[in-house]
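*Asks:* Chain residues, written in single-letter form:
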Amino acid sequence: MSSVTESVSSQTLVELMVAYQSGELEAFENLYGLLSPKLFGYLSSLTWDPGRAEDLVQETFLQIHRSRHTYIPQRPVQPWAFAIARHVYLMDRRARARRRRIESEQLDELVEIPVPSFMAQLGTRSELQRALAGLADDRREAVLLHHVWGFSFGEIGAMLGIRAGTAKLRAHRAIHALRENLSVGTATEKEEETREPR
Amino acid sequence: MSRDSGFERVRREVASNLVPVTPLRSPWKTALVALPLVVATLSLVLVYFGLRSDAEAIGPWPLWGPATLMILAAYGALVMALAQRSPETTVSWVWWTALPVAVVGLQLGGAYWTYLQSQPPLAGGQSEAMCFWRVSLLGLPSVLIVLWLLSRGFPLRPKVAALTAGTAGGVLAEGIYRLHCGLSHPSHIVTWHTGAVLVMGLLGLLTGLWWERRRLDAWPERAQG
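Residue numbers (this note's numbering), protein chains in the order written: chain A, 108 to 305; chain B, 764 to 988.
Simulated from the structure, these hints should not be mistaken for laboratory data. C-beta atoms are modelled at their ideal positions from N, C-alpha and C, and glycine is treated no differently. Take these hints with a grain of salt, some might be off.
[To be verified] Here are some, though not all, of the chain B residues that point toward chain A, as calculated from beta-carbon distances under 7 Å:
id, residue
1, G769
2, V773
3, A778
4, S779
5, V854
6, V857
7, A861
8, G916
9, F917
10, L919
Extracted from the complex, chain B is given alone in its bound form (with noise of 0.2 Å):
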């Protein structure tokens, strides 16, 4: 096929198509969606289940202060998964190893705080897996609502973008959610706090690699000669 032909049938193509696009927003602006997102789940939270039961022993700061970080380091890794619908955008891999070593960080940081005021003894059993759920059902709608924006775009590299996707939903929902858990104990928190993020996590990545199998299948025969 000639240069000229080929041109022709892209501008075929493109002519019947031709209509006007509004360009994303900023990573940054987008991200901002987070805002109604922690409203809401944060109101679930105080109004359903209610602030933890020390929280007077504890003080503000320890209660307060590691989840707003968290909160903020969400915002920051809904940032990174967003920034990827543009094709040309990367992020560096000292972002990559810095979130999780900031959420396992935050999340062990901030128990360790809580716990030097408060120390109440393990639940056990089904009573500490329910954290897990909540926080696993809490982040479920920031998954799928970044997952969805991130869907409006066109990431080169989906499992990574949907990965940190999943991650972020996660840390959100966790965040927040440490505000009620009056677990404090490293491994109740390692267990089912930040197994609940890595299942978030997890549920991201394979949606990404479905979505990046999906696209192969669809890539056009015309491409490969």
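Okay, chain A solo, but in the shape it has when bound (with noise of 0.2 Å):
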């Protein structure tokens, strides 16, 4: 893919376009290698992320391929791939941002989980020092901010650079993992205490 050259026809891309419409693979993959790198710096223009230009382009192709009998022979085929390189974009935005909302919502519903009681007990005992350190570092920090320092999601949020729901999330599910890993923990110590010694 790297070898394009930057100074190619447009009546080359017109060609390689109308035999692609009549079935020619090899069309296709000249097609890719000329263009795709045009594509690239355009999506890569648009989302300041390389690695979801390179997706987007992608899917661009895909897009023309399933639209390839939407170009019209004889016109320019660079502002027919671009446009639809715009809309694969957008569309990819718009799902995105309708993604972040469903969850958003998800995470508005949650309910807010009480600090069990035992927590307070079990604070100085290293069962509850290990059972926060098998965490996640983003949902130990989030559920140490929240809980023991007692910071809100939104001011979490701001420290952390993420969006409260997410913060909201990364301590419901702190608290989740810990409240498992201590009821399994004590669970076992119980077991042990009752096992007759040899």
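Work from the hints to combine the two standalone chains into their complex.
*Replies:* Next up, the structure:
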């Protein structure tokens, strides 16, 4: 893909596109080679994220494939391809926004989990430290900031550069994980205590 | 994912479904689908409903002139709608503004022209509302056909394209039905005739909104990372 010449004539693209419409795979490959660097540059300038731009380039070519019949021969190929790339970018942005909105709504529906009373009793115990250490860094950070230092989720979000809903979700999952780890740990301890000595 | 593996993935998918395709025809040619629609609708109106009762008093020019101009406007609107089947084609805002202005101008201008020749009293109530239903029903097949033609392409703004398609169908039906309707009073025209065209446009708009939502729902998760 790197051997792309910038000075590709628009006539070459038209010929390749027409051949692609008639079912030639080689024409598609050449078209990909000629267009993908330009589309990548364009999508990078929109997303500011090379990884995402690369994904969108691929999605653009899949979309180009699905709508290749909408290219009207003898018209310039690049405006057609760039229009599809822009559409792919906008659709991706809308789909992401919608997904975030749905997640946010789901988070709002989450019930605030009260800190279990046993956590205060276990505060100095090594089980709690071990359980906290077993959490993912981002979850541990969120649960400590909220339940230990008393920050609101809005404040935590501002501190960590994340949305309040994300902070809430992390703390929510951390509490669940702690509860599970501690109950398992306590049950194991009790089991060991009640076991008959040999 | 590296570039090469990405290319391979796309190449595999393309190769699995690489059949020759027929490119879209130019919108000017495709919009000629209006011709049989005009003939069919015109035949229906003339044979089933007949010309307006005061046709002789009005004369041929005020009768046929506005109808012909509205059919031509409908053809222009059809071209505007069908042009959007190809992603890179956009229609300038000058044309978007010109379309409703031309439609309302032709409707009211044509009505006023005939109103100067003959001034039958308003029928009122259900009799006037009949015009609304007839224009809507006459326009419906055109709207459905154009929406189907749009769906064969890849309009990037489906709601705009479908709105134009709906309006075009409405204008086409209205232009022809005006040959039958004997009421030229502006209040009747705006309420029941322009209203029917607007409803056709709204039908197109709703279809376009549904289409956009469906497209977003079907947007692949893989593209969202």
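*Asks:* If a hint holds in the structure, say so; if it does not, say that too.
*Replies:* Consistency of the hints with the structure:
1. G769: holds (5 Å)
2. V773: holds (5 Å)
3. A778: holds (6 Å)
4. S779: Violated: closest Cβ of chain A sits about 10 Å from S779/B, beyond 7 Å.
5. V854: violated (13 Å)
6. V857: Since chain A brings no Cβ nearer than about 20 Å to V857/B, farther than 7 Å, the hint is violated.
7. A861: violated (23 Å)
8. G916: At 5 Å from the nearest chain A Cβ, G916/B passes the 7 Å test, so the hint holds.
9. F917: Status holds, d = 4 Å.
10. L919: With a minimum Cβ separation of about 5 Å from chain A (threshold 7 Å), the hint on L919/B holds.
Taken one by one, the earlier hints fail for this structure at numbers 4, 5, 6, 7, listed in ascending order.
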